[in-house]
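Participant: As you go down the protein sequences, you meet chains A, B, C and D in turn. Residues 269 to 633 in this note's numbering are what the first sequence lists, from first letter to last. Residues 269 to 633 in this note's numbering are what the second sequence lists, from first letter to last. Residues 269 to 633 in this note's numbering are what the third sequence lists, from first letter to last. Residues 269 to 633 in this note's numbering are what the fourth sequence lists, from first letter to last.
The set of hints was computed from the structure by calculation and includes no laboratory data. Every residue, glycine too, gets a C-beta built ideally from N, C-alpha and C. One should not assume that every hint holds.
Derived Cβ-Cβ restraints for the label pairs, each shown as a range [stated by the list, open to error]:
#	chain 1	residue 1	chain 2	residue 2	range
1	B	R590	A	H574	53 to 61 Å
2	C	A307	A	E465	31 to 39 Å
3	C	A454	D	S360	27 to 35 Å
4	D	A313	C	I447	55 to 63 Å
5	A	S320	B	R536	35 to 43 Å
6	D	K302	B	K361	21 to 29 Å
7	B	K361	A	D304	45 to 53 Å
8	C	R366	A	D329	33 to 41 Å
9	B	E465	A	K361	52 to 60 Å
10	C	P433	D	K577	26 to 34 Å
11	A	E464	B	R536	35 to 43 Å
12	C	P626	A	A454	27 to 35 Å
13	C	A331	A	D453	52 to 60 Å
Number of protein chains: 4
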Amino acid sequence: MSNSIGTLFSVTSIGESHGKCVGVVVDGCPAGLKLDLAALAAEMARRRPGTSSVSTSRNEDDAVEILSGVHEGHTTGAPILMLTWNRDQDSSKYDALRDTPRPGHADYPVRIRYGGFDDYRGGGRASGRVTAGFVMAGAIAKQLLAMVGVEVHAYTCAIGGVEAPEPSGDWVEAAEASIVRCPDDAASTDMIKVIEEAKSADDRVGGEVKCIATGLPIGVGQPVFDTIEGDVAKALFAVPAVKAIEFGAGWRLAEMRGSEANDPYEIRGGNILTSSNNSGGILGGLTTGAPIVVRVAFKPTPSIAHPQKTVDLASGTDAEIRVTGRHDPCIVPRAVPVVEAMVALVLTDQILRRGLIPQVLGEKR
Amino acid sequence: MSNSIGTLFSVTSIGESHGKCVGVVVDGCPAGLKLDLAALAAEMARRRPGTSSVSTSRNEDDAVEILSGVHEGHTTGAPILMLTWNRDQDSSKYDALRDTPRPGHADYPVRIRYGGFDDYRGGGRASGRVTAGFVMAGAIAKQLLAMVGVEVHAYTCAIGGVEAPEPSGDWVEAAEASIVRCPDDAASTDMIKVIEEAKSADDRVGGEVKCIATGLPIGVGQPVFDTIEGDVAKALFAVPAVKAIEFGAGWRLAEMRGSEANDPYEIRGGNILTSSNNSGGILGGLTTGAPIVVRVAFKPTPSIAHPQKTVDLASGTDAEIRVTGRHDPCIVPRAVPVVEAMVALVLTDQILRRGLIPQVLGEKR
Amino acid sequence: MSNSIGTLFSVTSIGESHGKCVGVVVDGCPAGLKLDLAALAAEMARRRPGTSSVSTSRNEDDAVEILSGVHEGHTTGAPILMLTWNRDQDSSKYDALRDTPRPGHADYPVRIRYGGFDDYRGGGRASGRVTAGFVMAGAIAKQLLAMVGVEVHAYTCAIGGVEAPEPSGDWVEAAEASIVRCPDDAASTDMIKVIEEAKSADDRVGGEVKCIATGLPIGVGQPVFDTIEGDVAKALFAVPAVKAIEFGAGWRLAEMRGSEANDPYEIRGGNILTSSNNSGGILGGLTTGAPIVVRVAFKPTPSIAHPQKTVDLASGTDAEIRVTGRHDPCIVPRAVPVVEAMVALVLTDQILRRGLIPQVLGEKR
Amino acid sequence: MSNSIGTLFSVTSIGESHGKCVGVVVDGCPAGLKLDLAALAAEMARRRPGTSSVSTSRNEDDAVEILSGVHEGHTTGAPILMLTWNRDQDSSKYDALRDTPRPGHADYPVRIRYGGFDDYRGGGRASGRVTAGFVMAGAIAKQLLAMVGVEVHAYTCAIGGVEAPEPSGDWVEAAEASIVRCPDDAASTDMIKVIEEAKSADDRVGGEVKCIATGLPIGVGQPVFDTIEGDVAKALFAVPAVKAIEFGAGWRLAEMRGSEANDPYEIRGGNILTSSNNSGGILGGLTTGAPIVVRVAFKPTPSIAHPQKTVDLASGTDAEIRVTGRHDPCIVPRAVPVVEAMVALVLTDQILRRGLIPQVLGEKR
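Build out the structure end to end from the sequences listed, making use of the hints.
Facilitator: Structural data, given as structure tokens:
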């Protein structure tokens, strides 16, 4: 079941970029959740393309249709099938690309893997469009998490070498107010500039997203394999273009001594807390009670109009390719809600496994 | 089954640091593999403590006992239970530590998670000793991979801020010749110095391991969740102290433009190859045929003799702790074979899922 | 993932009796299968209600819509979402039944399990309508099985105490020619009579289906838990009204001596075969090469117009209920293709796990 | 992971009949269970051979060694490895049998499946000895179930055509007092006679076990695949020699009308109960609150000293075989605790999935 993830709250991804639809089946959602459809639509809107100068002009309304598992506004405990229909796809360019695999895209290994039977149009299953289904499932996960006081928020912390300073105050709203989803005004301006420059050079640019989950109780997680880190990482690598992940101080820990790296405990307000959070809220694969902090690196979207070297599979000769069409110059801003969704999915599953959300939410009538 | 990983080649971890044993059950190993016991012992020896000045003096011979699944020297297709008995544990210090959780260790969340019933001695399940079982399973995986021409090697690429240059030539042997497992002589010397300095300051130091898998055919992997990256990351986060992972150019991709990041295709020697490997051998979750390159960051081992702030759980007051005992000043050199093992486990599972290793290796009699 | 089954060829069931649709996601179908849509429609037609006097008059055309995983007529290797829209449901009677659970139906435990949030209309998830999705997946499984020479056929072997003799000759066609799917003319006539009698008495009647799978190679199956018997049984108990299962001589074996029960081996036509098949083609959970024979008992459909004792959940008092509406007087004839589907699903998964069907069927271009 | 079963309470079977040991890994047992070792030993003793004239003379003490997951008498939440060493095996006869597969045994398909690399001695993995591990896990499961008032008991209800009447009163003790585990004195006597007759004719005889689980709350189970029936059936078919299973009235339901088969509801003592239990305590895959009733058919053990037809695999000719050695003339009495164990394992998993047993049982210190 390689298209599924999760033990008790499990998610099965379906659909292709230029097929009929993309969507998701959520199995294991507790019964009795009053679905907040406006919140679901809002999450989809955050991920939706075509909303600013820094995203693709492909225009999908991304309305979500719920086909099962919900009755009279509440989840029933049965599998929830949600999907959005693909409408604005333009497959005309993909036949021409078929024999000259695009560098940096999954075209070539996918073609070999599936004997050429893959639905290659628009990148098929390897397209970022598939993440629309993740966001649907994530929206339900976020509602469940809210019931136990857990919130998951992310922001763009770097684009093309421009790094945002550590945010403070109400950065969540500030991030959403920025078209690059960076809460820092100055960094935001610089990031937009970097993207515009790449765009006008027919190029693309990568970046980073930082995601923070707060409100988790201590001891959520399942050693030794189904750790918070392992499950979050696995989920995040399902997002196209993700190439690196760190928790807490991450790479900087490799340069530290133990005396710097360890997060000391202290009593604060009657609670046992750590005075730093280098561990990113996770020790031994379990939550420490401190915020979970995960940072993710995205490579630049590989569809560039620059001439690139490739090969012609039909003739077996070197070739050149220019990838035109509607592509995001930088996927990072739109990836922010996707990262949140993946983290939310994993935390929901883990919290259900800890028995902290009941399987039936209230009783009807 | 949070202590298991893998779909067709699956591994279940068992044992505690100061319990009777640590080990592993391997389910799904093809029948007919002539087990190379010397190779298994050699892998265990690579991970074994007490072999140099930069590792702990805990001395375990780590002889592996195979209790099932092997008959007349060959695997039978049945579950293989392998374990090594714990002999040299010294649990005397752990009772004193029980109420003052060690910063940076899993003590506190584990205690909360398991209601205080965990076998805390020596770190219990959260101890690095558990990785001995991983190495056993990895040794079998490596033998299977060798049958299809896949090799997995790793080395220490950084310790405490000292970075090794990109290796060249026969770096595998060079790495093994170094007590810190770094193939570069100069860097090796500096790393040893950094470790010795930390050690004499009663401190510990972190570092990085880079692992490279060669010989993979194109198109191994299972989108969208059971990707090579996702599965490798999940497996690696089961290794204590791992806090960050990147594939290929990883974080540097976030700063690149698409025109730099994309790996162009070219015909070389009649084969379709990429002229660079920023993707780390993986696109769309599938192997590209280029070497898989994964880099892992380890935090410093948290057991330091320095006084550290903690809390006394019995009295609910702030406290101070000094963690003495036999601990590695730097775990990175011993982690090298563990990283290889985790990567080998995942690749074996993925290659079996692709049907590239038969389920029966030859026929007997 | 309680709504999913299968390791490599996995099936996730979705939909409710009176919701928008019922369907299935098939994950793990090899790429390159040229889907035989006529065969798919034919399987659906076999299960379809409203086709004879012995089935319900609910009339669904059960046209299957394929929403993903198929491109240019071939499977792509991606998840296949198939569904059929519910059109002819009549939910009017179910509100009245809500507080008086129908004896023999799942109403009461489902209500308790899901806190009353279940979509109870038409029996919801517990309805036989859900098996439409099984048949869709089964149709694909049958196509895959045909590629390796495996065929799965079933027939009605008993209804309401009328037992059919062991079939011979071309019983498959004969079974399909009978509206009760019994290949024996005389038994068929008696079965119809038994059903008609029950129907005119406002009652329902149970029966048995026997399913036979031929063409299996020796040694398919996975001990000790994922046996052929275990997996087939688990799949079959997902079919509403199934209450008993036997393989081969089944219950009669409990009365036999070993000397009768054992199937002797002999050389026949150069092959090693058994001269009897009391084991139903399975020993040690593995196929023996002889046909797999499984018999399944269905209880009578519980919706009867007879007055029945129940309780009024609102008032907490004893009550009486009469269940009217459109229901099959005997579900067994329509269950025949469903039983075949479940057996086909399991065998496909097991054969894929044995590596006997490649993951890519040919190469396109 | 074909040797594992269970989602939250999972069991991995290990060991061979004549290997070093047989055992089990239990993953997911809640922390804090005070293990009742006497109860564990008692369950093992019930299954142990060599205790009466109707069982094999192979004499194993079957002492259980616990190698992980238990600390200071309590489960820790970590995987529990339990095993018993094989001591009294006699492998001398098996080499002679190697080329003449025993009818009714798994010899031939296992040999084909594993290319001849299987540990065939004593039947290897297909031996009933493997069930010793099931009983170990079942003993823990029973302790967990007892905490929520669930009890699982079984008895021999038929042997070689002798059927016991429906038991009444305290049949549990009566069954244990009988060497065939049948609570009815007269039937017990007849069963012993049937076994003795078969034994003196160098033959074996089959039989049936009925298992009853009481105290279950309403609504335990997971539709549509992880039903109580599906999971119990799958687990039971892992027990060698099981060939048929029914729940409640089972096969008799196939002959009934709905008006007979349906279990009417009534108010009794303020509770909603059914006045009959034809459904065997399960509707829609969920518990109804009535006792779960499952009946299992065992074929005769196939090792008979009678001459039987087989083939010589070396020469490819017909051959004759006589299977001597120490074998149970009837496995049914010893299978009683094994059936209980399998039912207990499944119910424990299902009850954990319903959140009815906490994951930490109390708090230490």
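Participant: Now tell me, hint by hint, if it's right for this structure.
Facilitator: Taking the hints in turn, this is what the structure says about them:
no. : hint                        : verdict
1   : B/R590 x A/H574: 53 to 61 Å : 59 Å, holds
2   : C/A307 x A/E465: 31 to 39 Å : 56 Å, violated
3   : C/A454 x D/S360: 27 to 35 Å : 56 Å, violated
4   : D/A313 x C/I447: 55 to 63 Å : 56 Å, holds
5   : A/S320 x B/R536: 35 to 43 Å : 41 Å, holds
6   : D/K302 x B/K361: 21 to 29 Å : 27 Å, holds
7   : B/K361 x A/D304: 45 to 53 Å : 52 Å, holds
8   : C/R366 x A/D329: 33 to 41 Å : 37 Å, holds
9   : B/E465 x A/K361: 52 to 60 Å : 59 Å, holds
10  : C/P433 x D/K577: 26 to 34 Å : 28 Å, holds
11  : A/E464 x B/R536: 35 to 43 Å : 37 Å, holds
12  : C/P626 x A/A454: 27 to 35 Å : 56 Å, violated
13  : C/A331 x A/D453: 52 to 60 Å : 55 Å, holds
When held up to the earlier numbered hints, the structure conflicts with 2, 3 and 12 and fits the remainder.
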